[in-house]
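Work out the full structure, taking the sequences as your base and the hints as a guide.
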Amino acid sequence: METLIINIIENEFPKVKEICESYKGNAGALLLVLQKIQDTYGYIPKASIHYIAKTLMITPSHLLGTMTFYDRFTLTPKRKYTIKICRGTACELNGAPALLEKLGELFAINQEGEIINNSLFSLEQSACLGECDKSPVVIINEHLYAKVTPEMLEEAIGEILSKEKQIDTQKRKVA
Amino acid sequence: MARMVTLAIDDVEVTVPEGTTILDAAEKVGIKIPTLCHDKRLVPFGSCRICVVQVKGRRGRLIPACFNPVRDGMEILTSSLEVIESRKTQLQLMLLHHPLECPTCDQAGACALQDMVYEYGVAENPLRQVGAQLGPPKFKEKLLIGTMAVKERGRCILCGRCVRICEEIQGVKEIDFIGRGFMTKIGTDFDRDLNCEFCGQCVSTCPVGALTTTLIKHKARHWELKKIKSVCAYCGCGCSFLLGIKDNQLRTIVSDYDIGANEGNLCVKGRYGWEYIYSEERLKTPLIRRGGKLVECTWDIALKEIAKTLREIEKTHGPDALAAIGSARLTNEEAFLLQKFMRAAIGTNNIDTSGRYSYEGLTKGLKESLGYPAMTNSIKEIRNADVILVLRSDLRETHPLVKIEVIMALNRNRAKLIAANSYKAWLDEKAHLTLIYQPGTEVALLNGMIHVVLEEGLEDKDFISSQAVGFEDLKKTVARYTPTTVEKITGLSEELIISSARMYAQGKRSTILISSGLGLRGDEVRLAQVAANLALITGNVGKESTGINILGEKNNSQGAIDMGLTPEYLPGYQRVTDRGARKKFELAWEVRLSPEPGLSALEILKRAEEGEIKVLYLVGENPIVTYPDRTQTLRALGGLDFLLVQEIFLSETAQRANVVLPAASFAEKEGTFTSVERRVQRVQRAIDSQRKVRSDFDIILSLFEIMGYEVDYTSPIQVMQEINSLVPLYAGINYKRLDDKGIHWPCFSTEDPGSKMLYEDGFPIGKAKLIPVEYEPLGDSEKEFPMVLITVHSLFHSGSFSLNEQGLRELYPEGFAELNAQDAQHLKIKPGDVVTIKSPRGEIKVKSNITERTPLGRVLIPYHFEHLMVNLLTDKDQPLTWVRVEQA
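Chains as they are written, first to last, in our numbering: chain A, 1 to 175; chain B, 1 to 888.
In short, the hints are calculated from the structure, not lab data.
Mixed in with the good hints there might be a few duds.
Here are the simulated SDA-like cross-link-like pairs (lysine to any residue), alpha carbons at most 25 angstroms apart as the crow flies [stated by the list, open to error]:
| id | chain 1 | residue 1 | chain 2 | residue 2 |
| --- | --- | --- | --- | --- |
| 1 | B | Lys32 | B | Met74 |
| 2 | B | Lys217 | B | Gly154 |
| 3 | A | Lys24 | B | Thr434 |
| 4 | B | Lys173 | B | Val254 |
| 5 | A | Lys46 | B | Met503 |
| 6 | A | Lys147 | B | Met183 |
| 7 | B | Lys476 | B | Met503 |
| 8 | A | Lys24 | B | Lys769 |
| 9 | B | Lys424 | A | Leu4 |
| 10 | B | Lys284 | B | Leu637 |
| 11 | A | Lys78 | B | Leu637 |
| 12 | B | Lys424 | A | Ala53 |
| 13 | B | Lys219 | B | Gln806 |
| 14 | B | Lys173 | A | Leu32 |
| 15 | B | Lys430 | A | Ser22 |
| 16 | A | Lys46 | B | Gly179 |
| 17 | B | Lys430 | A | Ile167 |
| 18 | A | Lys54 | B | Lys476 |
| 19 | B | Lys88 | A | Glu155 |
| 20 | B | Lys416 | A | Leu4 |
| 21 | B | Lys173 | A | Ala53 |
| 22 | A | Lys78 | B | Gly181 |
| 23 | A | Lys80 | A | Glu2 |
Given below as structure tokens:
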């Protein structure tokens, strides 16, 4: 393998090497390995993808394909609040795009769909959550919001923001 | 015998074997169920849901026909109202982001989606408004694949055929489904540039215009193309395809599942490597040397010059002062005519082909052991083998179609792969046992395996006693090849040798694959025979999916030797020294034939240097670049009185000729090629040549004429008729019978359907011969030259065709000397450094690279690139080249 890749892994992500070692050449262990790395680092480092692929003897395309199929695996660390917008068929037809548009107004979202100007929230677009009768559905950290309108979404986020501000103020008071 | 099942499809009763899918059962009774994600070569996927059919009486019960097996008493409706509605909705969903740009889409006319949208009338699409809101920028992406194809994401219907064919057939898995749900796209990790074989299989299987080839972009509509069947002129796999012609110009290659033996599979060279036909560099007129330079001339002048010279030299020095070497790319008819010209019109047996080196030895070896000089089984049987021993072969580079068979065997048949090579070939990653041995020690390895088989009692005693002779002598010889001894010779561990032997012997259907085309010469005859020994003692000959499958490099390597482009054999392996054989040909050709075997290609060059050979006629051969020991070759050509070169490009050898004749490409002529599996197939003329270019057939006929030997062929058909009467193996092969799939020889009469597999009913020589073979070391390393040079073959190149093909050149523009990381470190060489490589014969400078596939003590160089002059290092008498590598 290219020495550059090996260097990055050994210096910046040594646990990746550790986890992959015992599954060398074992393509069937892909999900297990990804789970372990996700749980260790909170995300799958982009730089480690070729290393993992080479060690397990699968192609990097296949690895990314598997990774992007499951919402459990992320390329960026998950933040305190995860806003999950359902993009399943029913939610899609019932207003999910408008919700995304609203989020685009509230935050700065980059090409990859990540919120870049607020470190409290990360944005996920998930496949069908199986709550189609409540479409469109938004889940924020396990709390499910049903039949969400853009206004409702803005309100929910506003509530979280003010709650966090309170916690922050209290922390400073104590300090 | 499979159990039979009876069911009714659209009230038509059909009985099929258990396990048949509804789709296939319907096809049997002429009912066509539409599909989009289905490809006959691939495992059914069920992603498009177009092929859904209704189980009668059960409303709402629609099941996909492509992967559901039939059941007794099933009643299926293929076009009920529910089914039609379902298909319409499916199509509308697909059209959500599929732009209706048929007028500018190259797939129009051959688009499964277009056909269905038309048939089902889904122009009105209420879902389209929703679709318009979706469709982020990625759906409008266009990505280039190499230089030959383009991917337009908006058109993709996510049928997955491209992903599946890359995985199931090619074994590469370069692309996959990325993302999920509506946002799914097909691609690589983060849209990294493709780094694959660029075979275009994904492009050819795509049912819509998402993957198309740029070579035809906006140049021709599918319905404008006249499609002419022919056979690829690159490697020995003998893949068939259709040449797509518009306005007498070749525009694209179309693959077709139903023709030939390759099921529509092609590689990068076959599918995209045809543009050399239109290269500016092609020879357009005859050339003649005047005042030290080659100048253009007419055919008249060229032929007069040739006539004068040939007659003069024959008269003064005798016919044996002339020699010819023909390419393994010539058609059977042209090869036959070439050797007939030298033997009947000139009167010498000095005729050979460079295919002699590496391939002819293998055929000779098998002929002695088993009776026929060729591959024992057929290509499509390999997929059903359960143990495959790949010996000294890099199938991914030399024989892509055979590599596909190995991949299919591994995927579908859970076959075990034993890969034995002197470096880590591409397939080795998928092997169960990888044997990287010391170059040139194959014979020792196989003898060692035979030793283990006998030691552990794994041989097939019945087979040996009833079908083979020479067992006792064989036992005595292999007794000395203990695993310990073989370990010392080959460098492989005892465990590995023993495991390989056990794995091969215990397979129910074990097959051996040996290719050529690696630029290696060695003890080919003995290699074939020791492989035959291993196969014979385990009973792996004469049964399906077994055998010793030797693979010639070029499109007509097998045919060239069959047709007698050899100094010691007349066509059909009849010896020139055999009175009876000679008499047969003398009667047919009405001339006395020389009873002396002629000179082989390398001997011809040696004698040319000494002045004994005065005239050399090269047809499609380029010795300066491809033969070992470039320095000697240059001296040899310099020693000639007259060099006549018949070529398609002005090769380095042609540049030194006295007369150069411009030849036609495979698309411009008629004839037949014989592939590695003895399959004779027709090559059809699809386009006209440029005005002054003539086919090799026509050129050789002119030569007959100027030498005063009368022939009355008007076309290659008559040559094949003559071959029928003189070559028993080809006796029943004529153009009428060579339909879509060709015929395997031996084909002894017009009633004979040909023989896919040999030796099913015994051996033509009575019993097979177990010929004991001893390992002979091929030279040794000295302190001065400690490393072994291995010349390697690349998938993207083959001779002058590919070097003059822009697309292929871009994919693989230059050659490197590949070194092992440790060796490089020791020699203080970094990737990209220019290194000097010295051998006892010469030295070259070449850029280096560090690759994982190179073992310690070896250096790998591709032999395609003329400017590298690798053959400055090689020797005509030494099969193995020892070198020294140092910083330049």
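Verification of the hints:
1. This hinted pair checks out: lysine 32(B) and methionine 74(B) have alpha carbons roughly 18 angstroms apart, not beyond 25 angstroms.
2. With a C-alpha separation of about 17 angstroms, the suggested pair lysine 217(B) and glycine 154(B) falls inside the 25 angstroms cut-off, and the hint holds.
3. For the suggested pair lysine 24(A) and threonine 434(B), the alpha carbons sit about 17 angstroms apart, so the restraint of at most 25 angstroms is met.
4. Restraint check for lysine 173(B) and valine 254(B): satisfied, since their Cα atoms lie roughly 23 angstroms apart, inside the 25 angstroms limit.
5. Only pairs whose Cα atoms come within 25 angstroms are accepted, and lysine 46(A) paired with methionine 503(B) is rejected, the gap being roughly 41 angstroms.
6. At most 25 angstroms may separate the alpha-carbon atoms for a hinted pair to count; lysine 147(A) and methionine 183(B) meet this at roughly 22 angstroms.
7. In summary, the hint linking lysine 476(B) to methionine 503(B) is supported, as the alpha carbons are separated by about 23 angstroms, within the 25 angstroms threshold.
8. Restraint check for lysine 24(A) and lysine 769(B): not satisfied, since their Cα atoms lie roughly 45 angstroms apart, outside the 25 angstroms limit.
9. A distance of roughly 23 angstroms separates the Cα atoms of lysine 424(B) and leucine 4(A); the hinted pair therefore holds under the 25 angstroms criterion.
10. About 24 angstroms separates the Cα atoms of lysine 284(B) and leucine 637(B), which keeps this hinted pair within 25 angstroms; it holds.
11. Using a Cα cut-off of 25 angstroms, the hinted pair lysine 78(A) and leucine 637(B) is violated, with the two alpha carbons roughly 73 angstroms apart.
12. Distance hint between lysine 424(B) and alanine 53(A) is fulfilled; the C-alpha atoms sit about 19 angstroms from each other, no more than 25 angstroms.
13. Restraint check for lysine 219(B) and glutamine 806(B): the C-alpha separation of about 18 angstroms stays at or below 25 angstroms, so the hint holds.
14. The hinted pair formed by lysine 173(B) and leucine 32(A) meets the criterion: a straight-line CA distance of about 21 angstroms does not exceed 25 angstroms.
15. Annotation: proposed proximity of lysine 430(B) to serine 22(A) holds, straight-line Cα distance about 19 angstroms (limit 25 angstroms).
16. Restraint check for lysine 46(A) and glycine 179(B): satisfied, since their Cα atoms lie roughly 15 angstroms apart, inside the 25 angstroms limit.
17. For the suggested pair lysine 430(B) and isoleucine 167(A), the alpha carbons sit about 57 angstroms apart, so the restraint of at most 25 angstroms is broken.
18. Between lysine 54(A) and lysine 476(B), the direct Cα distance comes to roughly 46 angstroms. Violation of the 25 angstroms bound is thereby established for this hinted pair.
19. A C-alpha spacing of about 42 angstroms is found between lysine 88(B) and glutamate 155(A), which places the hinted pair above 25 angstroms, so the restraint is violated.
20. Proposed proximity of lysine 416(B) and leucine 4(A) is contradicted: the alpha carbons are some 35 angstroms apart, above 25 angstroms.
21. Simply put, lysine 173(B) and alanine 53(A) have alpha-carbon atoms about 12 angstroms apart, close enough for the 25 angstroms limit, and the pair holds.
22. A distance of roughly 22 angstroms separates the Cα atoms of lysine 78(A) and glycine 181(B); the hinted pair therefore holds under the 25 angstroms criterion.
23. Pair hint lysine 80(A) plus glutamate 2(A) does not hold up; C-alpha atoms about 36 angstroms apart against a cutoff of 25 angstroms.
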